[in-house]
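K.L.:
Here are the chains, one letter per residue:
2 protein chains.
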Amino acid sequence: MISVYLVGLKVPENVGFVARVMKNFGFEKLYLFDCEVTVKSFKTASHAVDVLRSAKILRKFDEITNYVNMLVGTTGVVTRRCERYIRKPTFSPEELREFLEGKSCEVAIAFGREDYGLFNDELELCHMIVSIPTNPDYPVMNVSHAVAVLLYELSKGKYRVDGEIVKARDVERLIENFEKLMIQTWYPRHRIERTKIALRRILGRSLITKRELSVLHGVVTKALTYIEHLKKQIESK
Amino acid sequence: MISVYLVGLKVPENVGFVARVMKNFGFEKLYLFDCEVTVKSFKTASHAVDVLRSAKILRKFDEITNYVNMLVGTTGVVTRRCERYIRKPTFSPEELREFLEGKSCEVAIAFGREDYGLFNDELELCHMIVSIPTNPDYPVMNVSHAVAVLLYELSKGKYRVDGEIVKARDVERLIENFEKLMIQTWYPRHRIERTKIALRRILGRSLITKRELSVLHGVVTKALTYIEHLKKQIESK
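Protein chains in written order, with this note's numbering: chain A, 1 to 237; chain B, 238 to 474.
Pulled out of the complex, with its shape left as it was, chain A reads as follows (with noise of 0.2 Å):
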């Protein structure tokens, strides 16, 4: 199941048009974080009022993690030198289609402020990072309208759903005990962020069941064990 996920913004208006095209092309779970939300949002939604009635108001923006197998960040901008691993690979609204196709997932697509977009600290949260191919001379759409595009492309798939598939706050769990063990083993401190980064969006892209997720933490915990182990043998010495 595809939701969609508003982060930030500040133009009533542009969550009601959202509803709305949500509703021309058949999805209804809308998820917002920190949103204006007024009379005039229900305007612009017309006859999808139903789905800005039942959105889902979240407090902090990882609380998405506890209800989504999956997290797509959406961008305008994908070249920034210096954050490059924050917004590659990027994908293109076909690409994310062909990708969702036939696997059965629940995904959220986050869509940020009129202004800013998602934050950094955002996009690191997301699997998969997808951006819609723009005019290189006014690149930044409308949210609203980036909202259509993207619920176009994905309405011409196939998509199914079972109870099998991790949970993203799992996935965050097991990336957790990943840093245990690379602080443990002397892993490089400048490079733990980055590659937290890319366990995220390589275990959030395979959609693993509930036992590989055992098995992987598995693992990591019994590394961690065992080398809690030899150190209290070095200890004891």
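None of these hints come from the bench; they were simulated from the model. Small disclaimer: the values here were computed from a predicted structure and weren't measured. Glycine included, each C-beta is placed from N, C-alpha and C at the ideal position. Check the hints yourself; a few may be wrong.
[Claimed, not checked] Under the rule of at most 27 Å between Cα atoms (straight-line distance), these lysine-lysine pairs were calculated in the DSSO-like manner: (1) K247/B x K10/A; (2) K167/A x K210/A; (3) K247/B x K43/A; (4) K43/A x K280/B; (5) K156/A x K340/B; (6) K280/B x K10/A; (7) K43/A x K277/B; (8) K280/B x K40/A; (9) K29/A x K10/A.
[To be verified] Quick look at which bits of chain A chain B covers, simulated, 3 or more residues with Cβ under 8 Å: (10) 11 to 22; (11) 134 to 141.
With the hints as your guide, set chain B onto chain A.
P.N.:
Frame of chain A, contents of chain B only:
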């Protein structure tokens, strides 16, 4: 070259939003007929005020036939029984792109009023009808989002232009010539209108050259002349 033709828009913000998505996807030429353009339009156009400023204002709907080879109408409604022949065949955005790709042609995509869309007599003048596949429960999109989706799809294609193709108004002259022939030859009166629409669709889609136009004119005119000749012979008896 692909241009956008807005017809009868009453919400000034929509005209601006359309200019913006046009620029987002690299389209420049905008035609307006009977649209409300105010400072609000320039606000929603954002960095695409140049598109809005250079828009061409038409005084009649069919004036567009002076500027393009082909006119494509858009509709959210595809199944009103009594007027089916106006809205059929309906193409999807992808089919339109595939049709236009590699062809040499100036085409305008017409989008109608927020409430009624394009009127039937306007759709009748179009050579192709395109419709975005939407949720049957709520198919009616905001016009600027419909433009966004269509231009996104069309921006995937490659097109070319040369001056060989006749303008839509020249096709109209040919259809009038055919009508003369129908009237002369006792073609059933009640079928003339829909036959003209069919001719318009066929000739529009096939993007005929100036030479082909004159060949077809020749055929019809020759037939008319010969009928005239026969009638005179009969009279003189």
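K.L.:
If a hint holds in the structure, say so; if it does not, say that too.
P.N.:
Verification of the supplied hints:
1. K247/B x K10/A: Holds. K247/B to K10/A sits at ~25 Å (cutoff 27 Å).
2. K167/A x K210/A: Within the cut-off at roughly 9 Å; holds.
3. K247/B x K43/A: Roughly 16 Å separates the two Cα atoms, so the pair holds.
4. K43/A x K280/B: OK: K43/A and K280/B at ~19 Å, within 27 Å.
5. K156/A x K340/B: Status holds; Cα separation ~25 Å.
6. K280/B x K10/A: holds, 16 Å
7. K43/A x K277/B: Cα-Cα ~17 Å, so holds.
8. K280/B x K40/A: Given pair K280/B, K40/A holds - Cα atoms ~17 Å apart, limit 27 Å.
9. K29/A x K10/A: Holds, because 20 Å separates the two Cα atoms, which is no more than 27 Å.
10. 11 to 22: Held - the stretch 11 to 22 of chain A has 3 residues with a Cβ nearer than 8 Å to chain B, which meets the minimum of three.
11. 134 to 141: That given contact holds, which follows from 7 residues of the stretch 134 to 141 of chain A lying within Cβ reach (below 8 Å) of chain B.
Hint violations for this structure: none, all hints satisfied.
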